[in-house]
Amino acid sequence: MSSSESLNGKGLALVPRADGPQTMKDFKSDQEVRWCPGCGDYAILAAVQSFLPELGLRRENTVFVSGIGCSSRFPYYLNTYGFHSIHGRAPAIATGLAASRPDLSVWVVTGDGDGLSIGGNHLIHALRRNVNLNILLFNNRIYGLTKGQYSPTSEIGKITKSTPMGSLDKPFNPISLALGAEAGFVARTIDSDRKHLQGVLREAAAHRGTSLVEIYQNCNIFNDNAFEALKDPAVRDDITVKLEHGRPIVFGTGENEKAVRLSPYGGVEVVRRSEVADSEILVHDMHSPDPSLAFALSRLDDPAFEHVPIGIFRSIDRPAYDQLMAEQLEAATAEKGEGRLDALLHGGDTWRIA
Amino acid sequence: MTKQVQQLDRVIIRFAGDSGDGMQLTGDRFTAETAQFGNDLSTLPNFPAEIRAPAGTLPGVSSFQLHFADHDILTPGDAPNVLVAMNPAALKANLGDLPRGADIIANTDEFTKRNLQKVGYAANPLEDESLAEWRVHAVPLTSLTVGALEGFEISKKDAERAKNMFALGLLSWLYNRPTDATVKFLEVKFAKKPDIAKANVAAFQAGWNYGETTESFSVSYEIKPARLAPGVYRNISGNQALAYGLIAASVQSGLPLFLGSYPITPASDILHELSKHKRFGVRTFQAEDEIAGVGAALGAAFGGALGVTTTSGPGVALKAETVGLAVTTELPLIVVDVQRAGPSTGMPTKTEQTDLLMALYGRNGESPVPVVAPATPSDCFHAAIEAARIALKYRTPVMLLSDGYLANGSEPWRVPEVDDLPDISVDFTTEPNGDDGAYLPFKRDPETLARPWAVPGTAGLEHRIGGIEKADGTGNISYDPDNHDKMVRLRQAKIDGIDVPDLEVDDPDGDARVLVLGWGSTYGPIAAAVRRVRKTGAKVAQTHLRHLNPLPANTGDVLRSYDKVLLPEINLGQLALLLRARYLIDVIGYNRVRGLPFKAEELAAVIQDVIDSE
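Chains as they are written, first to last, in full-length UniProt numbering: chain Y, 1 to 354; chain V, 1 to 614.
I should point out that these hints are in silico values taken from the structure, not numbers from a laboratory.
We put the CB at the ideal spot given by N, CA and C, even for glycine.
Where chain V lies over chain Y, by a calculated footprint (3+ residues, C-beta under 8 Å):
no.: 1; region: 47 to 60
no.: 2; region: 94 to 100
no.: 3; region: 117 to 127
no.: 4; region: 319 to 329
Each pair of labels, with its calculated beta carbon distance range:
no.: 5; chain 1: V; residue 1: F190; chain 2: Y; residue 2: G347; range: 16 to 24 Å
no.: 6; chain 1: V; residue 1: R594; chain 2: Y; residue 2: T333; range: 44 to 52 Å
no.: 7; chain 1: V; residue 1: D435; chain 2: Y; residue 2: G347; range: 51 to 59 Å
no.: 8; chain 1: Y; residue 1: P303; chain 2: V; residue 2: L357; range: 49 to 57 Å
no.: 9; chain 1: Y; residue 1: K25; chain 2: V; residue 2: T430; range: 23 to 31 Å
no.: 10; chain 1: Y; residue 1: E330; chain 2: V; residue 2: T430; range: 23 to 31 Å
Only chain V is shown next, with the shape it has when bound in the complex (with noise of 0.2 Å):
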């Protein structure tokens, strides 16, 4: 018989199973078959910080919610519309989530009365009444899969570790996914183990034959791919985006780039991603410890290397000395905070905006650091390049500020044209520029303030920088109470002076009342947000900062236009006091620090009750 194919313009899947179950790499290999089909994409993983939580419980669920269109969307959505649950904790951790109507697909192998009393659910969802209002599809995903390996030479445990892969066989089917590329995919990761590598494509195409076949799916979807800007694109995840900015701008400064750097979560991957680029003369230390990473990074820059140091929020804390060094020394330094749920440990794999304060203003003395946030997984390649021409253009560090949302999570890139990325090109000072061929270090670029930038190795200007308050000028030691006055006033003249582009206003009639603006990686759920009030045809206008430090010169005359300034953020406010002590205007927060990104749906109804307030 032929099955009916259905068309839908967008679609929310989410993969959810037990730590163990390969969650996150069946999300990613159906994203990789989404976004080589050509649809926008937008992918959400959620993780617990354990590896292995005990098995088959609540807090072991891992989870990996993709959402796909015909269209352009911004978000990885808010409810998803199909729920694979691998194993009773998987469908009631997720259960709440899930519109009526939605389609579940649970494997029923798991739903043991065993599994079933650890979770708490007193008797088989499947088989009671309970889930009358969703749709459910009951499939033994586990038994299948072992039966269709049968004859293999592996062990009963391998063929039933391969059921991921049946799983993901069936919603390839189900939603009409290439599947060239995840075969080749098996092929290459188990190249070593050529039995596990054939199990596992055929697991794969077991599942896709199981919904080609089986009478508990009637229906097939297609949704058409997108129409995005020409260009060739390619899947990108933050944290990968991030590493590729970076080396862009060593290529781009032609300095070497020097990460030192610590593993944790979610920046680890940024390190794995930079040591495996060592022929762009990438060096990549792994530090003893937090300090240790932003010490390496400072001596290299000190040395005339691109120097980057890649942390979360503890590391932050940690690192605050060493970036006040870099301050007073005016040295060129990166530092990425690819922010996490705090304080303290907090929850390490959920995502926050709680860093914002602390990257500005975290450490002794008066301390101006500029600070630049990405708003989506693919912009932190352009951030991280901004970053380094701002660091290397005025000598000074520059935070970062990623989260654990924008570094994980990943769509569709549309990969740059190495000629279209800016120049950042350094010219280190080679000549003395004092009088009788003395070197300054501290005598700065009249237009941007900025110090020359003598390297070891540069005959004749010989110097010497540290901690210690600096003669303007000389560089000498100075304990002058008016010459530190004058440095202090300097170096904070140099932030705010630094050139960043005005914010622009998303405005479509150019007469909305209310603004709505934000930072970071709140943009796509904001926009997504913007976008559902103005089809029912109220008026909102729309702004986001990338630039948190200095602020765009003309923030408080746009802020200031608008009867009412929204400004969501994944925290208790930071930038909104900031906002009010600067510009005295009394914006609205809407502040949620639940560890997940803002749902469009959410954020589009305090937007309308922004807009009835008026």
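Extracted from the complex, chain Y is given alone in its bound form (with noise of 0.2 Å):
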């Protein structure tokens, strides 16, 4: 076994312990948080904060990077060391940071805009590549900081100050083009759900490779309550499929109850739990390493706004770029040596003027 399948499932094992307990309060920056008031990026900063003093890392071993955008600014708020780059490529830097130092806990804070729009091109490939990053994705279906365009998720015929007749394109279903690109872990959460939130983070930190967190976030001046369905308590338990390793898949109460079984197509579908065997009803298994039945759950969303799948769609282990490339340098060194200046200037075809 290679040193880099022995890392599996480890995704901090190369990141220095912190000597002592932490608090919420030791992640905290002097910096005054600027976003508008009832943003529910406080909420996700909240849950950050009071998730980090849980990993156990040494403060200065953790770095944030982020884009632009809204949720960019995130990095400023937070005691560790931050880097706010330029639109769209935080994934990109954050590639170079994390592949040269195996030793730092490197997470990414992108947008809708930031990482599906401008940065799409750096998202796709950090996940294909698999650097020991967590990109963590807010969603809030709109542009923010450029005050209220559409963004690629948002729904189709949304009327914004671009779009006064309805936008005309198809949005990005961001776990489906996660997975598409074959990341090796994907999920979904929302800023409500402090519980939810910080349990995927826990996972998504021990994933070594990328991962890959949507958290639906609602922006409450431009694109209010776009995911008010998951969080009102007359409705939220009927259509928000929650997925853990190993349950059948079954959401809904009362009559409502539903089940999610395979299609004749190829697919999944939704079905009322009581026309259904329970042998019959689809059992998660996020550890698959064929990514289309997690796929195809990640289509349940899709068109209407009826079923929503939260939780990690997939999370396995394969070998994170960033080692390969630590042992790819390792295997030089141990086949021909360390490298030596002047022999390598005076290597090839030389000779000698007296």
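Both chains come to you apart, so use the hints to assemble them.
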């Protein structure tokens, strides 16, 4: 077994541990938080600040890298190392950092515009490449910082300042996109459910390689209540499909109890719980090497927002890029010895002039 | 019979053939033999961007020119003394550069009716009188090669493909080159195909023997080794020297090298070369695009690596925003631009100096970046170390402006002693630098104005940086008008204050009234032209800029001390524009943008004109 395999499931194994216990306060920076009052980002920030002590890592070995957008201000509010970069490029910058510093826990904070529009290329390549990164994609389905244009996750027909007659383009489903890029860890959670959010972050951090966590986040200024159906106590249980590894996929209560089973067309379908036998109900397997079922599950909320899966769609182990890169350096050194500059410069065909 | 051996002081050979004929390899091998023999040399590969243009056509012609001599030389030569033409297209494409009386060695087997028609020859020029002013050696290279390889266990096609080695053998005989290294090279190159290896060696030797026995060549030539400064030499191309310079910078700085790059002509060979040196701790990252290449390099720099990205002009355009981020976050970064003919895709395999203004000003905001330009292929080594020195000392991105001519051209290089290389080691910040144990990431060194560099993993110095304007000292986000004005000026002052050496002027008698100024790869042709002019008794001074930003402190004084300043550039006058604006001196530009280096003869005439107009 190579060392890259031995690190599977140990996303933080190479990051030095803190000397003693930490608290949420340790991770708050002295900067004033400047999001709009009521923004979903506050809840996510608080969840992350209170979750980080649990990892028990040296604070100085934690880095948050972001792009541009409301969510990308995140690093300023955490007392770790941070890099607020340029629009869409955070995955690329974080890749260079994490690939050369396996002793760091590197987090990327991005949004639906930053990560899926201007930075879409970097995102998919980060996912396929599998550097040890945790990417938090705040999805509020709108451009906030530029004041309210539609985003690549806005629903078709979205009326915004730039689309007075409605948007024309079909949105990305970030989970489907990530699974299409064969990301090793793909999950979805929501800003209002701190317990679920932190549970997903815990698994993402433990995963070695690139993990993508889509966080539904409410923009109360430009796209308020975009995810209200998932929060409203009257309906939320009937539409939220909580994915749990090894458990049959059922949701809803009473008459509205539903189940997910394989469809005859190669996908999955939602049926009334009362109409299927237990044995027909799909049991969630997030470790399946084949991403097809996870992809089928990611399609459940399309086209209408009738049933929305949240949780971990996929978590598989494959060697992380940074470790493979380090192994090539080690192998080259083991084979030929450490590089000597003098020998390099005098290599090849040389001749001496006296 | 013993053939006559004639002494020459220098020769220019051009190998030309179809893209698939192996002309670059043939040229490389002849260069290696020549270097080993001890001549001074300079090379100019010239090939189409298409990997395999239609066979036998003019766009498919690939050539390799080599100038070698018994004295030190500065350019690959203006016009060949010998043209090896592997087919009619190679003859037609190159004949215009060939002075009357030059030798033409033509592969008659390829001068078929069809091949002649392809390039518009109505009659075979080898058989009519049209080449009467040249010395034509008609040699059936292909059939001689196939004949020599009879009995070898290889296909006819493979036998024909060995014709370039037959030609190399013939030329090696003609100029008395050592052959052992080529034999060894072929054995290693085709180690996995021993039959092919043997056939190529046999073709090479058959070419040599043909020269010795045939009556087509009555004379062979000898060019004595050059008397260069004592030392160990090797032949090196600009791209290889640049890659070695980056490795040396990594060793001399004590920082691991991280290259983020996307393949692009003519810079890709730097990526290829660096990817071979992993045991130096070199990490090479082939990114999804140019932007990710520089982004990853900057991310690695944030983590304490020597971050480098390599590209050509189109890539620099894409990287501009990230370079601006490096400017404002004040992180060290090396951006290598191997310039090529533009705009847009332009002529990817041809050379130009047209990215100077983009390197200096091609970003939003006040975004000063130091610019360093190597003068010769081997100088790329030292220029890379200099770029790293500036980047690390001043915490800034640095543009290193090479070009296609330097990248692919080669020359003998006196290998430096490692002990003589500069120490560019870096002290990371590990202790707080503010009151009450605070860390101020933008508190500057009063002398260099560089900010401290604390890397992740350093306890107690956790801090955030980014593209938004930062408050002086603390680095916190600031939209304060006066702070912004101050920071813009501080960043500019830091770059303006970089320690660069003064310009040195070459003016043997000290009383020339005309100065020729250049920058980058025009050094060789300008210096060769200046020599020619001085041989006629005329007086001319020469100086060359290696640092384009900041300019050496004495630049204005030097320029003002001559009546006339001539500035040849392979652009429409980009440096001239800067010098006029900065020093109010009416620099005389000489500008050609043909995708090729200047010729010494051409520049000599221009210099003479300027002197005569005094």
